[in-house]
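Peer 1: Now for the letters of each chain:
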Amino acid sequence: MDAATSAYVIDSHVYEHDEEGYLKNLSEWNKELAELIAKDEKIEMTPEHWEVVNFLRDYYDEYQVAPAIRVLVKAMKKTFGPEKGDQKYLYELFPYGPAKQACKIAGLPKPTGCV
Amino acid sequence: MADDAQQQVKKSFMYVNRKAPYGTIYALEALEVVLISAAFEQDVSLAFLDDGVFQLVKGQNTAGIGMKNFSPTFKALGDYEIRQLYVERESLEERGLTSEDLMEITWEDEEDDYAKKPSIRIVSRMELTEVMAQQDVLLNF
Amino acid sequence: MSTLHTVNKSPFERSAFSSALNHLKPGDAVLMIEDGVVGARKGSAFAGLLESAAKSCAIYVLEPDLAARGMGETDVIQGANLVDYGGFVDLVTTHQRTQAWL
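Chains as they are written, first to last, in our numbering: chain W, 1 to 115; chain Z, 1 to 141; chain B, 1 to 102.
Take these hints with a grain of salt, some might be off.
[Claimed, not checked] Partner residues aside, some chain Z positions facing chain B, computed with beta carbon under 8 Å: (1) D50; (2) M67; (3) L97; (4) N140.
Just so you know, the hints here were simulated from the structure itself, not pulled from any lab data.
Where is the CB? At the ideal position from N, CA and C, for every residue including glycine.
Next comes chain W alone, as it looks inside the complex:
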């Protein structure tokens, strides 16, 4: 396998990912890796991005599932209020699909039901 297309590499650390860029081993995730994945996705991580990424990791930790976008919006709304629990807000942060992109950066599998 070609490491350049099947893994993220930081220094000499190799983090394998699937063909769509989702990390294979959740436990390998770290903030530096998240920054690297974000860069691949052309996203500059701000505190607002981190808030979503951390929220997703907590959600996954509790429920063992990456939430679908509709579910993410609802859960964000409950925790952070209607301004952030909003599809438009999340799309502004993650233009290519908040659930998909933010999950990838968070080192989670692709949300079930996303095609």
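Position chains Z and B against the provided structure of chain W, taking the given hints into account.
Peer 2: Same frame as chain W, but now just chains Z and B:
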């Protein structure tokens, strides 16, 4: 117009779970199908009978078998607007289980200040038969 | 508003058969397919259960599956009807819903 059409095709789907988790892939596959189906905004409910009731038993620990413990995901179903999990009383009794052995699964009522309401309903075999007979679509796993 | 229940496992191996019979409503139909046809055999340990179900429900057996297992019309319980694949389709279309016990 498209919204109207969508309204008209809203159907009731019941996913019928009859297998214990981990021994076969049925339970996990059912759960994945349920999560996917939630995106289509249908009226979804789940039934647990026969060995399927073991899917909801609390305290599952899969560390020793090298498989993912997916039981916490049932607690996310409320977020997916799946609020009806029917559990057959006779199936519990036959297996020496009571409602005390099951996980607490709730949904949050946004209209009621996010009050947590129980999703699990223990029903008799006869009641479950009636509920199944009212569904548009039954999918067994 | 009745339901077609299909059963595709032998009652000697799995509980699909007994679970289906436990959840029948009068007027429902049961169709035995694949290894499920074993449950329709007359004189078997499960024949009595199926015969009592036959009092309020129609019982069908998929003939090609029965033939494949060396059985025919004379080997199944009284009151069971044999159907071919076309008959299977007719049963699906004439019932409100299908529940596939497996």
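Peer 1: None of the hints should be skipped; say for each whether it holds.
Peer 2: Hints versus structure:
1. D50: Interface hint status for D50 of chain Z: holds (6 Å vs cutoff 8 Å).
2. M67: With Cβ-Cβ at 22 Å, over 8 Å, it is violated.
3. L97: 16 Å, violated
4. N140: 5 Å, holds
When each numbered hint is compared with the structure, violations occur for hints 2, 3.
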